[in-house]
Structure formats: structure tokens, C-alpha cells
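Respectively, the protein sequence lines represent chains A, B and C.
Under full-length UniProt numbering, the first residue of the first sequence carries the number 1, and numbering increases by one thereafter.
Under full-length UniProt numbering, the first residue of the second sequence carries the number 1, and numbering increases by one thereafter.
Under full-length UniProt numbering, the first residue of the third sequence carries the number 1, and numbering increases by one thereafter.
Each hint should be verified, as a subset may be incorrect.
[What the hints assert, rightly or not] Residues from chain A that face chain C, not an exhaustive set, calculated with beta carbons under 8 Å:
(1) 172
(2) 522
(3) 525
(4) 527
[Said to hold, decoys possible] For each label pair, taking beta carbons as the anchor points, the in silico distance ranges come out as:
(5) A:214 <-> B:235: 38 to 46 Å
(6) C:251 <-> A:394: 46 to 54 Å
(7) C:152 <-> B:95: 32 to 40 Å
(8) C:232 <-> B:60: 44 to 52 Å
(9) A:632 <-> C:144: 31 to 39 Å
(10) C:54 <-> B:228: 38 to 46 Å
(11) A:487 <-> C:152: 56 to 64 Å
(12) C:53 <-> A:490: 23 to 31 Å
(13) A:179 <-> C:154: 27 to 35 Å
By construction, these hints were calculated from the structure, which means they are not laboratory data.
All residues carry an ideal CB built from backbone N, CA and C; glycine is no exception.
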Amino acid sequence: MLDSKIPEGPLAEKWSKHKFNLKLVNPANKRKFTIIVVGTGLAGASAAASLAELGYNVKTFCYQDSPRRAHSIAAQGGINAAKNYQNDGDSVYRLFYDTIKGGDYRAREANVHRLAEVSVNIIDQCVAQGVPFAREYGGLLDNRSFGGAQVSRTFYARGQTGQQLLLGAYSALNRQIHTGKVISYTRHEMLDVVMIDGHAKGVVTRDLKTGEIEAHEGHAVLLCTGGYGNVFFLSTNAMGCNVTAAWRAHKRGAYFANPCYTQIHPTCIPVTGDHQSKLTLMSESLRNDGRVWVPKTVELAEKLRKGQIKASDIKEEERDYFLERKYPSFGNLVPRDVASRNAKMMCDEGRGVGTTGLAVYLDFAEAIQRMGEDTVRAKYGNLFDMYYQITDENPYKQPMRIYPAVHYTMGGLWVDYNLMTSIPGLYALGECNFSDHGANRLGASALMQGLADGYFVIPYTVGDYLTNLGSFAPVDKKHPAFEATRKEVEDKVKKLLSLKGSKTVDDIHKKLGHIMWEYCGMARNENGLKKAKGLIQELRKEFWSDVTVLGDNEELNLSLEKAGRVADFLELGELMVDDALNRSESCGGHFREESATPEGEAKRDDEHFAYVSAWQYNGDNQPETLHKEELVFENVKLTQRSYK
Amino acid sequence: MSSFNRALTSTLGKKLIMSLTGLFLCTFLIVHLIGNLQLFKDDAGKAFNDYAYFMTHFPPIKAVSYLLYASIIIHAIYALILTIYNKKARPVAYASYAGNKNSTWNSRNMGILGTVLLVFIATHMANFWWKFHNDQVPYIEYRTDLSTLETQATEISAGDFIDYQKFTQDGEEITKARDLYKQVSYAFQNPLLVAFYVLAMAALSFHLIHGFRSAFQTLGFDHKKYVPIIRFLAVWIFGIIIPIAFAAMPLYFFFCK
Amino acid sequence: MSEKTMNLTLKVWRQKNENTKGKFVTIQAKGISSDMSFLEMLDVVNEDLTRKGEDPIYFDHDCREGICGMCSLHINGQPHGPKQGTTTCQLHMRSFHDGQTIVIEPWRAAAFPVIKDLAVDRTAFDRIQQAGGYVSVNTGGVPDGNAIPIPKIKADEAFESATCIGCGACVAACKNASAMLFVSAKISQYALLPQGQAERYDRAQAMVEQMDKEGFGACTVTKACEAECPVGIKLTNIARMNRDYLNAKFFKEKTIHS
Numbered sequence: 001m002l003d004s005k006i007p008e009g010p011l012a013e014k015w016s017k018h019k020f021n022l023k024l025v026n027p028a029n030k031r032k033f034t035i036i037v038v039g040t041g042l043a044g045a046s047a048a049a050s051l052a053e054l055g056y057n058v059k060t061f062c063y064q065d066s067p068r069r070a071h072s073i074a075a076q077g078g079i080n081a082a083k084n085y086q087n088d089g090d091s092v093y094r095l096f097y098d099t100i101k102g103g104d105y106r107a108r109e110a111n112v113h114r115l116a117e118v119s120v121n122i123i124d125q126c127v128a129q130g131v132p133f134a135r136e137y138g139g140l141l142d143n144r145s146f147g148g149a150q151v152s153r154t155f156y157a158r159g160q161t162g163q164q165l166l167l168g169a170y171s172a173l174n175r176q177i178h179t180g181k182v183i184s185y186t187r188h189e190m191l192d193v194v195m196i197d198g199h200a201k202g203v204v205t206r207d208l209k210t211g212e213i214e215a216h217e218g219h220a221v222l223l224c225t226g227g228y229g230n231v232f233f234l235s236t237n238a239m240g241c242n243v244t245a246a247w248r249a250h251k252r253g254a255y256f257a258n259p260c261y262t263q264i265h266p267t268c269i270p271v272t273g274d275h276q277s278k279l280t281l282m283s284e285s286l287r288n289d290g291r292v293w294v295p296k297t298v299e300l301a302e303k304l305r306k307g308q309i310k311a312s313d314i315k316e317e318e319r320d321y322f323l324e325r326k327y328p329s330f331g332n333l334v335p336r337d338v339a340s341r342n343a344k345m346m347c348d349e350g351r352g353v354g355t356t357g358l359a360v361y362l363d364f365a366e367a368i369q370r371m372g373e374d375t376v377r378a379k380y381g382n383l384f385d386m387y388y389q390i391t392d393e394n395p396y397k398q399p400m401r402i403y404p405a406v407h408y409t410m411g412g413l414w415v416d417y418n419l420m421t422s423i424p425g426l427y428a429l430g431e432c433n434f435s436d437h438g439a440n441r442l443g444a445s446a447l448m449q450g451l452a453d454g455y456f457v458i459p460y461t462v463g464d465y466l467t468n469l470g471s472f473a474p475v476d477k478k479h480p481a482f483e484a485t486r487k488e489v490e491d492k493v494k495k496l497l498s499l500k501g502s503k504t505v506d507d508i509h510k511k512l513g514h515i516m517w518e519y520c521g522m523a524r525n526e527n528g529l530k531k532a533k534g535l536i537q538e539l540r541k542e543f544w545s546d547v548t549v550l551g552d553n554e555e556l557n558l559s560l561e562k563a564g565r566v567a568d569f570l571e572l573g574e575l576m577v578d579d580a581l582n583r584s585e586s587c588g589g590h591f592r593e594e595s596a597t598p599e600g601e602a603k604r605d606d607e608h609f610a611y612v613s614a615w616q617y618n619g620d621n622q623p624e625t626l627h628k629e630e631l632v633f634e635n636v637k638l639t640q641r642s643y644k
Numbered sequence: 001m002s003s004f005n006r007a008l009t010s011t012l013g014k015k016l017i018m019s020l021t022g023l024f025l026c027t028f029l030i031v032h033l034i035g036n037l038q039l040f041k042d043d044a045g046k047a048f049n050d051y052a053y054f055m056t057h058f059p060p061i062k063a064v065s066y067l068l069y070a071s072i073i074i075h076a077i078y079a080l081i082l083t084i085y086n087k088k089a090r091p092v093a094y095a096s097y098a099g100n101k102n103s104t105w106n107s108r109n110m111g112i113l114g115t116v117l118l119v120f121i122a123t124h125m126a127n128f129w130w131k132f133h134n135d136q137v138p139y140i141e142y143r144t145d146l147s148t149l150e151t152q153a154t155e156i157s158a159g160d161f162i163d164y165q166k167f168t169q170d171g172e173e174i175t176k177a178r179d180l181y182k183q184v185s186y187a188f189q190n191p192l193l194v195a196f197y198v199l200a201m202a203a204l205s206f207h208l209i210h211g212f213r214s215a216f217q218t219l220g221f222d223h224k225k226y227v228p229i230i231r232f233l234a235v236w237i238f239g240i241i242i243p244i245a246f247a248a249m250p251l252y253f254f255f256c257k
Numbered sequence: 001m002s003e004k005t006m007n008l009t010l011k012v013w014r015q016k017n018e019n020t021k022g023k024f025v026t027i028q029a030k031g032i033s034s035d036m037s038f039l040e041m042l043d044v045v046n047e048d049l050t051r052k053g054e055d056p057i058y059f060d061h062d063c064r065e066g067i068c069g070m071c072s073l074h075i076n077g078q079p080h081g082p083k084q085g086t087t088t089c090q091l092h093m094r095s096f097h098d099g100q101t102i103v104i105e106p107w108r109a110a111a112f113p114v115i116k117d118l119a120v121d122r123t124a125f126d127r128i129q130q131a132g133g134y135v136s137v138n139t140g141g142v143p144d145g146n147a148i149p150i151p152k153i154k155a156d157e158a159f160e161s162a163t164c165i166g167c168g169a170c171v172a173a174c175k176n177a178s179a180m181l182f183v184s185a186k187i188s189q190y191a192l193l194p195q196g197q198a199e200r201y202d203r204a205q206a207m208v209e210q211m212d213k214e215g216f217g218a219c220t221v222t223k224a225c226e227a228e229c230p231v232g233i234k235l236t237n238i239a240r241m242n243r244d245y246l247n248a249k250f251f252k253e254k255t256i257h258s
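Make a model of the complete structure from these sequences and hints.
Quick look at the structure:
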């Protein structure tokens, strides 16, 4: 049933061979095809620009006021590439291996190897576009070690690599908009996929400014719409990030894979109160020099929480540098899931700091002593400023407080090796798909994957599908499916606008977030998940009976935009819980309390769970069908991850 | 030529014209100041009146003076065009605007300062330039004894004056000239005019502190090593020394003559 | 760290859409925590409005960590509020005091029409970038990333120019609603890098031309843009743009955009 279309042959040759086997579209025929790209982040912008350069007609859609504002822009740390510029033993194979291992052996070997292969081209491409990467005095590109990697393979542009890479892709996109090959629709939200004879042939969008609901036709549709971390209400995602495009595609037949795999990032600024709208991430690079600790005793922690003592009052021997203690070889640089879970454990033990007790210290005192304040400022100045801005605490003088927050979702639409979902003609790229990070994503890999998919994978694979269509005819815009789908979307909008209850959309969203964080967050167990399932179902009912959506369709309508997105989160949330229930092993970001080593580390169950869970939608309030794609490991040996 | 045309009609081109005319006017100010320093000479205005004749009759300087008039007019017209253009760029004003938080007053009000200066230039030219050119100033004769170098000055009537003359007769150098010096001295007995001149020089100071520096910015001249020099010149030469020296003239005549 | 609660009077610009006239509406914001960001304060106000059945205030925002450039707001006479070097989403209520009146307006510029309440249309910026804000290279077939060394000092300066988040505060702050800081930052980034040299002079001309077409004002060098820029883009960029533009117009023989 699920054909991942992984090519035959040795791992390192799969992609080259596959590229050769893929059918090509004659240059003169490319202009007869139109491709729809939804989302203009790294994956979307790079795909749209590359496809337009090849000669395809492209339409892009984004909900922001400009393609440049997609949330890829917020990535701070860097982008990995197996360039081995540092002569420190890196290679394509090592990057592949690290990514597979980091993903806790829940990703496809072939996909990950391809990612490692093209990673080197990404850097070249970005440099050629004028992306101002950090450089050394000799004028060559600088690298740093990131996210626990043993080699320095991360390319970066101070603390805003995401913005610089996105602006690079955006500039390539702009060039194509200028030539007329790309038509860019901004402040447009995609609300459905148009299906004709089982193939994706277009999308329905709502113009957020005028409320107009329009159908757009295309020979293929690329969803590059990012992740669904906002199901937790509080996350490091942008306020507008949503699952709607992916979810509506799921409801049209695209399988949703591994929805329970969410990444909790360890270094975020802790929550201060109910008013909080989002969580702010601080780059993981802080852990290169910062030391994570909590007081050794609950009593001391309590005094800290009450403000009776300050962090500096706690003597060295009364501090527990728990990551260094538990993982001597990786220390503070253990992968994200490990660091996050340990912080939660400390807080659960009652040793958390800050007024809420939901924080641990990230201390730079030793780094400042070792390198001097100026060096620390040069390295982390912007992050320290940001922290100071938000918390009003000076991190040069007192340790930062950090706490984990939802950051990335490894799960997403199921795609085959060609990045095509289970709907022919519908592709998913970047965070929107599930493909490369397994159960946990390594730092500086998201940017790599988004650009790999957009620049170097989809331009090859989409042509094969288009050739196989066997016709160059334009999509028939008059086909009844367009109007029918448009009408369905219109009705749904009307239904939302008719809701006049007593709760705001945010009320419901916050409740959903609490449920997800409590029962489907950093640690999950069967009872909690079962409880969560019931709670979400009730909440969904509450939404449809007691929420209020104000205003009209024909205007910028905040409530309406949010309502549509939260309605989808309410459905996705339940699927995440189902998936987490099904996967009774622990792996990567998915930690089932029932499946732990005696030391409390995640314990995989390769015998029963070395598969991708791909869920098929069966209609509203119907249980979804689980399809399993077995993961075959021919090149790496599955080991228990150990960072001791 | 269309490239030039486009270049000059673009916002940058218009600013280029403002910058070039402005800088030219700045250089003129230096020359003008040096010349006018003769006013402080206690020689019954002989040096000053000689200078006035030279400036109005030496052909290259005459040519430059037309360039000067053109510069003033173009600078003013382009300022007007740009002001209208800039107003159009923000048709709805802010209800609350805290300009002082992010910029200096003079940089935001170059138009007002410029208008003050334009009125000043008109008054100034009407008082001196117009009168000088239309025979509305008194005439004077200087007799310098070439052996002692002592000069005697006597006012002469219009009938005795044909044109500016300088000749030697009986061991004396005789100069007949239009007495702009007296006109200056006379005009600056009016306290209102003196006050206006001082005010205008204050405006000049503010206008040039911003304008001189900005002209270089508009031309694209920006260099870490040399910009501090420009800033120094803008403040000390054009912002302080030149306006004070100019303002000293009416005050000198008002209080000391 | 010491959290305070305050009550504020907001004077907010409300405008239904591009074609209707707007006006100021006074709204009381009660029980605002000093730890909230400015936008979280507006969230709280909006939740209240929604509960009362009134249309919430529309404002642009997205990442809320100061990088996407989506948030705007002219607060008490200053773009992004009283704190310099920060976006509205990173402005916290501790910059205000109990009982204060806060005037909140949209960016004002002919090139940025108000589309609802506090949100404006900034697509003019996109069109300027589309006119030439790129290096014309296709995907693939580019030289190795280390093939051309770039002096660190140049790379760093190009980076400084590239940090522009495209929020439009420079236009909002400028008394002439000029976009020169924005345009020059992009021109500078490429002008400083070897990769940008091939199209350097065409780019400067094309982008300036589009900027003029959009109806932004001229530069009077008030430096308000530099002072209000949340990421500290320098005025030096404008000088560089002027230099390249004038250079192209007067000294380059071939010009694509005549």
C-alpha cells in the first residue's frame, strides 16, 4: 500500500541513479505546466524559484504580507553541510550517520543520505546568491560545532542564519517574480486541495484582505507550509504558523506520518504568565559555553523561588550541573531531547528555579571568567540582549533562566522518496513533511532540509510526475471539482462565522495547548494520553458550540483566521495523541514513560516499532487507519543512543 | 541624454542638484566673507569699495556671479519641488509625532530655515546689490598722497561721478567710487534690520551644520577617515565661524559706528 | 523582574479598510502586566473586545521575536515605540507607566496604504526587491562556497546591511516617508560582496527607479531612520547607494535601465 519508492542499489548511489532514471520534461514543454507552491519559507521559496528558473509557471501563496516573512526567518543557529572545510573528519557519510542516529533510527536511510549529499551544494548556492555567511580572517567560510556534533560543519550568519538563507531564497524568488514566471499571492491562506480523478489539481485559497475564496489550478501542488507546533498554543513558532494546509490535504487523502514526533527545545525563555503569547527560543549555541545547573537541594530551590536568595548566593558545591554529571562525554551539548527531558526532571523533582519553578539556570559566569566578557559579548551579544529585553535580567551578571519549549515537529505529511504525498501530484517539502529527521531533529538540520528539498530534490522529482501525466494540456478550470471545493470552503467559512458563543478562539486554543503540553508533551504515558483524547474530543465539541467568531468574511478578520486554524488543531491534536498511544516505545522526542532504561533514558523498541506510522483520514470523528512503512536499515547498526 | 534626464529627475538626482548648488553656495560664502572683512578696515571704506567694484566688474567673477544667482534660484526651486514631493509621500500626518527622539530640529526644518535665508537674501540684495547697481548709493572720492600714503575721503555728488576711476595726479592717487561702504553703514543703523540679519545668520548656522554634511552624504561621499573632517568643517567653519563673522558686521556698524 | 500591574488609556487608530476613513478610538486597557510585550497587551485588549462582541484591533505580527519584520505600530510618536533598537513585539510594557495614555497609529506613507486598523500594505518593498534585489544565478552550477575568499571585514559589513528585516520603520520614522534606508541596505549588501558585482550598477538604478515609482519621499538626512531602525542599519548604506547610482548614471557607458 505505502510505496516509499526508495531506489535500489548502494546507499551512496541511490540518488544519482534515481536522478538518471527520472523522466525529464522537454524545456519547451515546461512552460505548459503550472505548479502551485503553498508557503514561501526556505522550502517554498527555493522550490518556486528553482522551478521557475527551469521554465515552469509557478504560483506562490503565503499568509504573510510578504514571502520574506515565513517563519524560516527565525532560525538562529546555522545550517549543516558536509563540506569538511575544517579537515576534522566530516564527510557525507558522517553527516548521514549523525542525522540517522540523532533521529533515533526512525528516518529513512535513503532520504537522509540524499540530504547529506546535497547539503554541500546548498552552501555553494547560498554563497552565490550573496548570503553573507560568517567568514574567517582569511576570507573563507567559518564553521562551528553545533547541537552536540563532534565536527564543525555548521555554517552560520551570526544569530540569524534563517533570515539570511530565507532572504537568499526570497531574492531568487523575486527575480522570478520580476520575469513573470512566478505569480506571488500574499495574504492568501490555502484552505483546501482540489482533487480531480484522484490527483491534486489545484488549491482553494482565501484572500485574507478581501475574503474572496478562489480556486487556483495547477498540474502539481507543493505544500511547504511548515510544522504544527502551535497545536501547543505556546511554542517557538510564529503566531500564524498552522497546520491548516497540511491538515486539509490530509482530509483529502494525504497520509499524516508520525504526528507524535515533536521536538522540545531546551533553551527557551521560561513562561511568565497567562498572557504569554509565544515562547522565545535562544540559540542552542549558548550551550557551547553556558553551563546548565539547578540547586542540589529542594530547600535551596524553594528559597530561590521565593526570592529569599539569589543564584549567586548558592555555593559551587551546592550546585548540580546535571548534564555534565550525567553525560560526562557530551556534557551540556547533549541532543535537544535529552537536555529538555533532564530539565523537566529537575523541575519535577522540585529543584526548578524562577518564580514558577519551571526553569533551570544556564550560567555564563565560568565562560566570562575564561574568555572575558568582551569575547562572550562578541559571540552571544545579540542573544544576551534579547534575553535582557524580554526578562529585564542581565545575563552577564546573573545566570539565564531557561526552560524547554515546543520548537519543531518532525512528523508531517507522509511523502515518498520523491517527496510526493499519498495523493498523486501533491508534494510536501521542508518541515511540512516527515521525511528526514526521524524522531528527533539535530540542530542546524531544518534549514538544510528545507533548502535541500526546494533547491535540489523537487526540481528533479516533479518533472517525472508531470511527464507521466501524458499530456501537456492545461488543467481544466471549468471542471466541477473547482467550484465544488470552493463552495465547500465557503460553507465552512460561513459555518465558522455563524458561531456566536461565549468563548474566544484563544480560550479554546489555550486549553488545547494545556492538554497537549500536559499529556502529549515531553513525557507521555498511556493513561495520560487516553485522558487527553477524551479531553480533546470534549474541547472540540465546546469549540463548535460555544466559541464566538466575529466580523464578516469580506475583511481582514482576526477571529475568523484563528478559528479556522484552531478547528484544524483540534483535530490534529487527537491524531497526535492516537499516534503517541500507538507508539508505546520511546524514541527521540517521543518519550513514553513506560519505555525507559533503568537510568530513565528513552528506550526504543526496534523489534516492534521500526516503522513510520502513516495515518489515513476516514471522515469526521472517525478513527483513522494506521499504515506502517517498515524502516529498513542496511547501512547503520541500530544502537541505543548514548551520550554518557 | 535620457540617462542624464532620468538621473536628474529621480529623487536622488534632485538631491544631487540640491547638494551641488548648496556646496557651491557654501564656497561662495567663504569668498564673500573674506571680501566683506574689509568692512572692518578703518579706511573710510576704500578697500571695501574697491573690492565691490572688482567683484562687479572683473569678467570671470561676473560670470561666476550669474552662476551664483542661478544656484540660489535652483536651490530654492528644487527645495520647493522636493518639499511638495515629500509631503505627497505622507498624505496623512501622524497625530503623535516625536521627532525630537530620533532627529535634530534643524534637519527636519531645512525648508523653514531655507525660507528665512531666501527672505534674507532678497532683503540683502535689495539693500545693497540693487542700490549699488542702480546708482542709489552715495559716491566718494579718495585722494591718497603717494609720498605719505595718507588718504582723505570726500563725498562727491552724482554730477561729479562718471564711473569708477582710479588715476594718479600730482603725486596723488585719486579714486572715485560708488560708496557701498556708506550704504552699509547707513543701513545698519536700523535696529530691525540688524536684528533680522543676526536672526538670519542663526538660521544660516543651523542650515549649514546640517546642509554641508548632508551634501556630502547625498553625493555618496562617506568615509570613516574623512567624514569626521567634514563634520568638523560643518560645525566650526559653516556652523560657527562664518555665521558669527557675518553677524558681527551689522552689530559692528550698529554699535561702533 | 519585579512585575507591576498597570491601567492604560489607548488611543487606537481604527479603520475598516483601505476605502473608508479611519478615526481614533479610546480604549481602556486594565490590569496590564509590566512583563507583557506590547503585542501581548493588545492581545489582552482584543480578548476583552471579542468577549464584548466588538471587532478586535487588527495589527500585523507573526514571529514575535523581532526578526520577521511583520509587526509595525507607531507608538506615542515613534515607530516600534519609545525603545530604540527593538521591534514592537520585543517592546515590553515595563517601558510604560501606570495611567499613561498611549497613541497607537499605523505607519503613515502614501506607499503604505492602511488596509485595516493598524495594518498597512508594504508590498511596495517587495516590488523594489523584485526590481533588482538579487544576484542572477540559477540553482546549481555555482562555484564552491570557498572559491572566492571575501575579506572578513567586507563580509561582516555586508552582513550588517543584510540584517534589515523589512519592517518599514525607516519609512515610518522619516518625515518624508523615504525608503532609502531599506533600499540602500539591500543595494549595499550586494555592492559589498564579490557575488554582487556583475549587476551592481544595474541593480542600483533599477531599485532606485522602482522606489521612486512607489511614491516614497526623498532623503533629507535627518537620520531618523537610522535612530529608529530596530536592527541598526546605518546611514552609510544610503551614501553607498547614492554613490553607486550616480556613478552608474554619469560614468557607466552601458546601462540597461537607461
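Taking the hints in turn, this is what the structure says about them:
| no. | hint | in the structure |
| --- | --- | --- |
| 1 | 172 | 6 Å, holds |
| 2 | 522 | 22 Å, violated |
| 3 | 525 | 32 Å, violated |
| 4 | 527 | 33 Å, violated |
| 5 | A:214 <-> B:235: 38 to 46 Å | 59 Å, violated |
| 6 | C:251 <-> A:394: 46 to 54 Å | 51 Å, holds |
| 7 | C:152 <-> B:95: 32 to 40 Å | 46 Å, violated |
| 8 | C:232 <-> B:60: 44 to 52 Å | 49 Å, holds |
| 9 | A:632 <-> C:144: 31 to 39 Å | 34 Å, holds |
| 10 | C:54 <-> B:228: 38 to 46 Å | 56 Å, violated |
| 11 | A:487 <-> C:152: 56 to 64 Å | 59 Å, holds |
| 12 | C:53 <-> A:490: 23 to 31 Å | 24 Å, holds |
| 13 | A:179 <-> C:154: 27 to 35 Å | 30 Å, holds |
When the structure is compared with the earlier hints, violations turn up for hints 2, 3, 4, 5, 7 and 10 and for no others.
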